[in-house]
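S.K.: The task is simple: from the sequences and hints, build the whole structure.
Heads up: the protein sequence lines correspond to chains A and B, in order.
The first sequence begins at 1 in UniProt numbering and counts up by one.
The second sequence begins at 1 in UniProt numbering and counts up by one.
Since the hints were made in silico from the structure, they are not lab data.
Be aware that one or more of the hints could be misleading.
Said to hold, decoys possible - In silico lysine-lysine, DSSO-like type, Cα no more than 30 Å apart, as pairs:
hint, chain 1, residue 1, chain 2, residue 2
1, B, K179, A, K179
2, B, K80, B, K61
3, A, K179, B, K101
4, B, K80, A, K101
As the list claims (entries may be wrong) - If you only want the chain A side, here are some residues facing chain B, beta carbon under 7 Å, derived:
hint, residue
5, T11
6, Q133
7, Y142
8, S168
9, G171
10, R177
11, A183
12, Y184
13, E194
Stated by the list, open to error - Examples of chain B residues lying across from chain A (beta carbon under 8 Å, computed):
hint, residue
14, Y20
15, R177
16, Y184
17, E194
From a predicted model like this one, the values you see are computed outputs, not experimental measurements.
Beta carbons: idealized from backbone N, C-alpha and C, even for Gly.
Protein chains: 2
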Amino acid sequence: MKNILIASTSTLANQNYLEYLLPELQLHFQNCKTILFIPYARPGGISHEEYTGMIRPAFAKINKKVIGIHEFENAPQAIKNAEGIFTGGGNTFVLVSQLYKNNVMEVLSETIKNGTPYLGTSAGSNICGLTMQTTNDMPIVYPPSFKTLGLIPFNLNPHYLDPDTSSSHMGETRETRIKEFHAYNSVPVLGLREGSWLEVKGDVITLKGPLTARLFSQNQIPTELETETNLSYIK
Amino acid sequence: MKNILIASTSTLANQNYLEYLLPELQLHFQNCKTILFIPYARPGGISHEEYTGMIRPAFAKINKKVIGIHEFENAPQAIKNAEGIFTGGGNTFVLVSQLYKNNVMEVLSETIKNGTPYLGTSAGSNICGLTMQTTNDMPIVYPPSFKTLGLIPFNLNPHYLDPDTSSSHMGETRETRIKEFHAYNSVPVLGLREGSWLEVKGDVITLKGPLTARLFSQNQIPTELETETNLSYIK
Chain A
1 MKNILIASTS TLANQNYLEY LLPELQLHFQ NCKTILFIPY ARPGGISHEE
51 YTGMIRPAFA KINKKVIGIH EFENAPQAIK NAEGIFTGGG NTFVLVSQLY
101 KNNVMEVLSE TIKNGTPYLG TSAGSNICGL TMQTTNDMPI VYPPSFKTLG
151 LIPFNLNPHY LDPDTSSSHM GETRETRIKE FHAYNSVPVL GLREGSWLEV
201 KGDVITLKGP LTARLFSQNQ IPTELETETN LSYIK
Chain B
1 MKNILIASTS TLANQNYLEY LLPELQLHFQ NCKTILFIPY ARPGGISHEE
51 YTGMIRPAFA KINKKVIGIH EFENAPQAIK NAEGIFTGGG NTFVLVSQLY
101 KNNVMEVLSE TIKNGTPYLG TSAGSNICGL TMQTTNDMPI VYPPSFKTLG
151 LIPFNLNPHY LDPDTSSSHM GETRETRIKE FHAYNSVPVL GLREGSWLEV
201 KGDVITLKGP LTARLFSQNQ IPTELETETN LSYIK
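M.R.: What follows is the structure, given as structure tokens:
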């Protein structure tokens with residue numbers, strides 16, 4: 001049975017890393033002593049070692065040890081053996097490229113579908129959808145495919161931002177970009193604001209956190225979904 | 001001799017399409033009766049016909065006829081025969097995919113290098129760099145390559161936005177994204193604010209418009225470049 005948390009962001013303004021999620025994570029990873037961390041998204045281009053070191057203090061607060069996937073010789077085997085898995089944010093193009101390069105995209109998807117507890121934040125959440133095509137990130141490397149884990153039957157836009165109506169900037173708003181996605185793709189897209197997350201328990205997907213989320217479906221007017229809404233109907 | 005205008009945006013706030021550039025365009029396209037328009041970037045997913053219709057009024061003001069490349073059976077030949085070429089904005093992934101699909105990426109680069117006057121705005125400017133990897137757009141389609149026209153020896157970030165210091169949003173700033181690009185790539189990136197453009201005459205690249213532009217080079221602190229600066233040293 002799937003057991004997944006998919007968060008818009010790792011960190012809220014003026015808070016520590018994962019601080020707002022720690023009560024959830026304590027429950028989510030209650031049966032894990034050790035978390036396997038996937039640092040492939042390398043925020044700001046930092047190394048896997050640096051990134052893994054950066055997240056350890058948050059998990060130490062809930063008494064979890066963290067091991068980076070780069071510390072294992074056999075990455076697919078590390079995933080199969082993991083008690084719990086966390087993929088952090090950074091650049092989604094880098095993350096997806098590394099998942100393919102290290103031959104773990106498929107085994108990661110299977111392992112999570114079989115019930116290993118998973119946490120994703122930002123880029124690590126993006127990959128939970130069908131494709132990474134609604135990321136906000138720059139294409140700084142060329143991945144072999146945009147296909148991702150497919151843990152939920154729609155796509156995500158983490159760090160969803162409402163249009164700034166006071167701005168004179170002519171670049172596209174987030175909503176405009178997602179509408180463009182729907183000119184070529186029929187997959188629904190959920191705009192997940194910072195502070196929101198999805199809880200996936202088996203086939204039940206529930207919106208969590210204090211905010212509404214914005215659902216974009218092809219050829220339909222976007223709708224705001226209340227927290228605690230069961231999203232399992234979206235496909 | 002190259003004769004190119006590379007603009008951050010087609011449109012400034014509260015202005016008509018291309019309005020701020022019309023005096024430049026009158027000179028730039030002075031020897032052209034007809035402009036070949038490349039509508040492949042399809043802003044908002046509009047059709048090639050709609051997009052071409054949308055830009056005609058601006059060019060009518062300087063007495064230019066506009067023909068869309070989709071109106072020709074042989075797209076590469078249309079480029080070779082063009083008096084002047086304009087590629088409009090939209091989604092850079094869609095634009096680059098279509099340039100490859102229609103087999104015109106190489107011939108477009110060669111034709112412009114041989115002197116056919118070219119105007120790019122937004123996505124149509126992005127493709128003037130070495131790669132499209134510093135676009136702001138969503139990867140809504142999967143292009144066969146990120147390599148672009150290479151008309152200038154660096155990359156562009158059109159619609160460059162300064163960090164909003166009042167924002168509590170935790171998504172990456174434009175500067176952070178470009179720094180991440182430089183964790184994997186050595187190509188310099190010029191952040192071109194709305195209202196700025198580059199004029200390329202042969203090998204001389206000059207910053208134009210009322211604003212400064214922000215230059216990002218790998219492992220260096222970004223610098224602000226004044227308008228009218230000769231940028232030919234950047235490589």
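S.K.: Each hint needs a verdict: does it hold in this structure or not?
M.R.: Hints, one by one, checked against the model:
1. B/K179 to A/K179: Roughly 28 Å between the alpha carbons, so the hint for B/K179 and A/K179 holds.
2. B/K80 to B/K61: holds, 25 Å
3. A/K179 to B/K101: Holds. A/K179 to B/K101 sits at ~23 Å (cutoff 30 Å).
4. B/K80 to A/K101: violated, 40 Å
5. T11: holds, 6 Å
6. Q133: holds, 5 Å
7. Y142: holds, 5 Å
8. S168: holds, 4 Å
9. G171: holds, 4 Å
10. R177: Given a least distance of 5 Å, the restraint on A/R177 holds.
11. A183: holds, 2 Å
12. Y184: A/Y184 check passes; min Cβ-Cβ to chain B is 5 Å, inside 7 Å.
13. E194: holds, 6 Å
14. Y20: violated, 11 Å
15. R177: holds, 5 Å
16. Y184: holds, 5 Å
17. E194: At about 6 Å, which falls below the 8 Å cut-off, the nearest Cβ of chain A leaves the hint on B/E194 intact, so it holds.
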